[in-house]
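Heads up: the protein sequence lines correspond to chains A and B, in order. Under the numbering used here, the letters of the first sequence match residues 1 to 219, in that order. Under the numbering used here, the letters of the second sequence match residues 1 to 66, in that order.
Treat the hints with care, since some could be wrong.
[To be verified] With a Cα cut of at most 20 Å, we get these calculated EDC-like pairs of lysine to aspartate or glutamate: (1) LYS37(A) / GLU181(A); (2) LYS63(B) / ASP32(B); (3) LYS160(A) / ASP73(A); (4) LYS48(B) / GLU170(A); (5) LYS62(B) / GLU195(A); (6) LYS28(A) / ASP153(A); (7) LYS63(B) / ASP135(A); (8) LYS33(B) / GLU195(A); (9) LYS205(A) / ASP153(A); (10) LYS33(B) / ASP135(A); (11) LYS56(A) / GLU90(A); (12) LYS33(B) / ASP18(A); (13) LYS33(B) / ASP193(A); (14) LYS48(B) / ASP73(A); (15) LYS52(B) / ASP73(A).
Simulated from the structure, these hints should not be mistaken for lab results. Every value quoted in this text rests on a predicted model; they were computed, and no experiment measured them.
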Amino acid sequence: MSNSKKNTFLITTPDHDDTTAYCSAWSKEVIDLAENKGFTVINLSNKKATKKELEKRLSKHKPEFIMFNGHGDDKSIGGYDDEILVTAGENEYLLKGRIVYALSCYSLYTLGKTADEKGVKAYIGYRFPFAFYLDPSYSTTPLKDKVAKYFFDASNRIPKTIIKGANVGEAVKRSHEKIDEAIDFWKVQDTPDAEWVLAALYTNKMGLGLEGNERATIQ
Amino acid sequence: MASEEEKKIVLERLLTMPPNLKLSLGRYGSFDKNQLREEIENGTDVGKIFVKMHMEYLRSFKKEIK
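Just chain A, with the same shape it has in the complex (with noise of 0.2 Å):
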């Protein structure tokens, strides 16, 4: 019998209107990875999103891995509802120690870097909106989305790669790598959805990025 420790991933997956939906649905295999690899999951989902839920399970579970799914601005994340989880300058603390990646809009802008100062080992994230298309006849079914999986795809191999053992560095760069081959097939086609998919795909390409160690890893 192994004696070693299980790593835990906590995620936060409120779907409260069309972006959170669609960003928590597609997190699902996410958090089917993290499972099979053997990690304690945590899934804070829909009303569990909540900012006194957070703060309880961080205490209580300690988790190496945070995922965060909602809206954000340049000094916060949200959960469901809206309602602030974490914001710059009053309880980035709680990320202290942790790995985090904030599919969110701008957080990485102010809170990414007092979330440094505070001890964060990495955090990941946009400094511009997270924007996305997607197809409103899938909105109750956002994984047969086409069009919107080419940006979940990207996004979601920045969890499965630190998932999996790489560094936070690492991790975005195979996420970029894979906004790169979505920006190569979309050049190509000649449809009238191509040019405003490019548009957003490079909005993602120059908002994603990191503060703290990128040699950070789970273990």
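Using the hints provided, position chain B relative to the given structure of chain A.
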């Protein structure tokens, strides 16, 4: 800040956007082509972000061709 010229370029190009496509832009929500047109014409934050996003992309595309 989007110039009038940039707004005009993006509004013109919006005519080609398929009706079944929606842009999700974080907490601002999701927008189809008609809603994006309104946002640009009304000078809202969404309109400004959208014009900026598209112009940055067009500039990058131009650089690549050069």
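Evaluated hints:
1. For the given pair, LYS37(A) sits about 27 Å from GLU181(A) by alpha-carbon distance, which is inconsistent with the 20 Å threshold.
2. Distance check on the hinted pair: LYS63(B) and ASP32(B) sit about 28 Å apart at the alpha-carbon level, beyond 20 Å; violated.
3. With a CA separation close to 24 Å, the supplied pair LYS160(A) and ASP73(A) exceeds the 20 Å bound.
4. Distance check on the hinted pair: LYS48(B) and GLU170(A) sit about 33 Å apart at the alpha-carbon level, beyond 20 Å; violated.
5. The straight-line distance between the Cα atoms of LYS62(B) and GLU195(A) is roughly 13 Å, inside the 20 Å bound, and the hint therefore holds.
6. At roughly 12 Å between alpha-carbon atoms, LYS28(A) and ASP153(A) fall within 20 Å of each other, so this suggested pair holds.
7. With a C-alpha separation of about 30 Å, the suggested pair LYS63(B) and ASP135(A) falls outside the 20 Å cut-off, and the hint is violated.
8. Restraint check for LYS33(B) and GLU195(A): the C-alpha separation of about 13 Å stays at or below 20 Å, so the hint holds.
9. Our distance criterion of 20 Å between C-alpha atoms is met by LYS205(A) and ASP153(A), whose separation comes to about 13 Å.
10. Pair hint LYS33(B) plus ASP135(A) holds up; C-alpha atoms about 12 Å apart against a cutoff of 20 Å.
11. Of the supplied pair hints, the one linking LYS56(A) and GLU90(A) holds, its CA atoms being roughly 16 Å apart against a limit of 20 Å.
12. In summary, the hint linking LYS33(B) to ASP18(A) is supported, as the alpha carbons are separated by about 17 Å, within the 20 Å threshold.
13. Note on LYS33(B) and ASP193(A): the hinted pairing holds, with a Cα-Cα distance of about 11 Å set against a maximum of 20 Å.
14. This hinted pair checks out: LYS48(B) and ASP73(A) have alpha carbons roughly 16 Å apart, not beyond 20 Å.
15. Distance hint between LYS52(B) and ASP73(A) is fulfilled; the C-alpha atoms sit about 17 Å from each other, no more than 20 Å.
The structure shown violates the earlier hints numbered 1, 2, 3, 4, 7.
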